[in-house]
Amino acid sequence: MQITVKLFASFRVGRFLQANKEFPSGSRVADVVAALDIAAPDIGIVMLDSRMATADALLHDGAKLALFPLLGGG
Amino acid sequence: MKTLEDFLAEGAKGDLLPWAVQAAAVERFQRSCRHVEETALGLGLLPARYQRNRKTISIEQQRTLLQSQVAVIGCGGLGGYVIEQLARLGVGTLVAVDPDVFEEHNLNRQILSSMAAIGRPKVLMAEERVAAINPAVTLVPLCDRFEASNVRPYLEKCQVVVDAVDTVSVRLAISDVCEQIGVPLVHGAIAGWYGQITTEYSGDRALRALYQHASGDRGEERSLGNPSFTPAVVASLQSVEVCKILIGVGTSLRHRVLTLDLLDMNFEEISLPH
Numbered sequence: 001m002q003i004t005v006k007l008f009a010s011f012r013v014g015r016f017l018q019a020n021k022e023f024p025s026g027s028r029v030a031d032v033v034a035a036l037d038i039a040a041p042d043i044g045i046v047m048l049d050s051r052m053a054t055a056d057a058l059l060h061d062g063a064k065l066a067l068f069p070l071l072g073g074g
Numbered sequence: 001m002k003t004l005e006d007f008l009a010e011g012a013k014g015d016l017l018p019w020a021v022q023a024a025a026v027e028r029f030q031r032s033c034r035h036v037e038e039t040a041l042g043l044g045l046l047p048a049r050y051q052r053n054r055k056t057i058s059i060e061q062q063r064t065l066l067q068s069q070v071a072v073i074g075c076g077g078l079g080g081y082v083i084e085q086l087a088r089l090g091v092g093t094l095v096a097v098d099p100d101v102f103e104e105h106n107l108n109r110q111i112l113s114s115m116a117a118i119g120r121p122k123v124l125m126a127e128e129r130v131a132a133i134n135p136a137v138t139l140v141p142l143c144d145r146f147e148a149s150n151v152r153p154y155l156e157k158c159q160v161v162v163d164a165v166d167t168v169s170v171r172l173a174i175s176d177v178c179e180q181i182g183v184p185l186v187h188g189a190i191a192g193w194y195g196q197i198t199t200e201y202s203g204d205r206a207l208r209a210l211y212q213h214a215s216g217d218r219g220e221e222r223s224l225g226n227p228s229f230t231p232a233v234v235a236s237l238q239s240v241e242v243c244k245i246l247i248g249v250g251t252s253l254r255h256r257v258l259t260l261d262l263l264d265m266n267f268e269e270i271s272l273p274h
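Respectively, the protein sequence lines represent chains A and B. Take the first sequence: its letter number 42 is residue 42 in our numbering, and every next letter is one higher. Take the second sequence: its letter number 26 is residue 26 in our numbering, and every next letter is one higher.
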């Protein structure tokens, strides 16, 4: 299935801003994160089809996934 | 015998109260600068220091700000700028919480730091800075780690709390206390070129949503650090949120988080579940 992945902030560095990616049916957000070589603890906000989602959310064909890094500095 | 009210009315230039008259009133009537300022605002007189506010903030709103109390938890990159801006804005009481002293690596971005401040407690430098900027504002320094037990009594008297700390677990602990006492929390976080801001009211659980994937206490700032401008931008937006909440105007970032990418100048607004 086709997933549109949009990356934000530091996740773009060395990767891309937006790309269409092919993933097997039944894939979850965490599978995309792993495929992009992003460490799970670095994940901040996950948006799936414009709604906040969790890393174990199931993807579907045509899904739009946006990943933001965790920001904690003050 | 001339009253304080008569003295202020006679010394005013139109509806502006020059500092010299305000200071003379403090001396003559042996009242605090804040009391004199509050009396002036009650008479419809605007202390001259606020004259450039007047098309944005009315005299009555300026009085509301003076009667307000705001806690700023964390007096580093974000908190320093928030304290600076709220003191200049005329928020009457600021509670500053931070256990740390200034170190050399703070000098690149923390507005309250200076060469002379190295080794000195951040909250005491905040107190000195506020006294130098606006003597009508009282800063209550708490040189201590955030613990619900020691800080909660102060937060209960606040209309807004500002999250300016650098530790995820402390952010969530502050959020929990604000949830319990029903005080809105203005959150800001930064890392490198990037930042985020939201405003959470009791029951929103916004910070729990933002940090649901966090497994440690740090984020991208661990590797990216923080330059001078990112805390200034994010703290300014937090100060705006505080101001609007205190005087009840505009639309806050409740139920949405604003993310900033200063490298590509992208600002994204994300809806939070509610």
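These are computed hints drawn from the structure, not numbers from a lab. From the three backbone atoms N, C-alpha and C, an ideal C-beta is built for every residue, glycine too. Among the clues, some could well be false.
[Claimed, not checked] Per the computed footprint, the stretches of chain A lying under chain B, defined by three or more beta-carbons under 8 Å from a beta-carbon of chain B, are:
hint : stretch
1    : 24-32
2    : 35-46
3    : 55-65
[Unchecked claim] Residues from chain A that face chain B, not an exhaustive set, calculated with beta carbons under 7 Å:
hint : residue
4    : M1
5    : V13
6    : G14
7    : A19
8    : G73
9    : G74
Quiz item: Can we keep the M1/A interface hint, with Cβ of chain B closer than 7 Å?
Solution: Where the cut-off is 7 Å and the nearest Cβ of chain B is about 23 Å from M1/A, the hint is violated.
Quiz item: When the nearest CB of chain B is found for G14/A, is that gap smaller than 7 Å?
Solution: 13 Å, violated
Quiz item: Should the hint that V13/A touches chain B count as held when the rule is a Cβ pair under 7 Å?
Solution: 9 Å, violated
Practice problem: Could you check if A19/A really has its C-beta closer than 7 Å to a C-beta on chain B? | Solution: Violated, because the Cβ-Cβ distance from A19/A to chain B comes to roughly 16 Å (cut-off 7 Å).
Quiz item: Do three or more residues from the stretch 24-32 of chain A put their C-beta atoms closer than 8 Å to C-beta atoms of chain B?
Solution: violated (count 0)
Quiz item: Regarding the hint that G73/A lies at the interface with chain B, is the smallest CB-CB distance below 7 Å?
Solution: Holds - the Cβ of G73/A comes within 7 Å of chain B, reaching about 3 Å at its closest.
Quiz item: Are there three or more residues in the stretch 55-65 of chain A whose C-beta lies within less than 8 Å of some C-beta in chain B?
Solution: violated (count 1)
Quiz item: Should the interface hint for G74/A be scored as holding, given a Cβ-Cβ cut-off of 7 Å against chain B?
Solution: Because about 4 Å separates G74/A from the closest Cβ in chain B, which is inside the 7 Å limit, the hint holds.
Practice problem: Please count how many residues of the stretch 35-46 of chain A have a CB within 8 Å of a CB from chain B and say whether that reaches 3. | Solution: holds (count 7)
Hint violations for this structure: numbers 1, 3, 4, 5, 6 and 7, all remaining hints satisfied.
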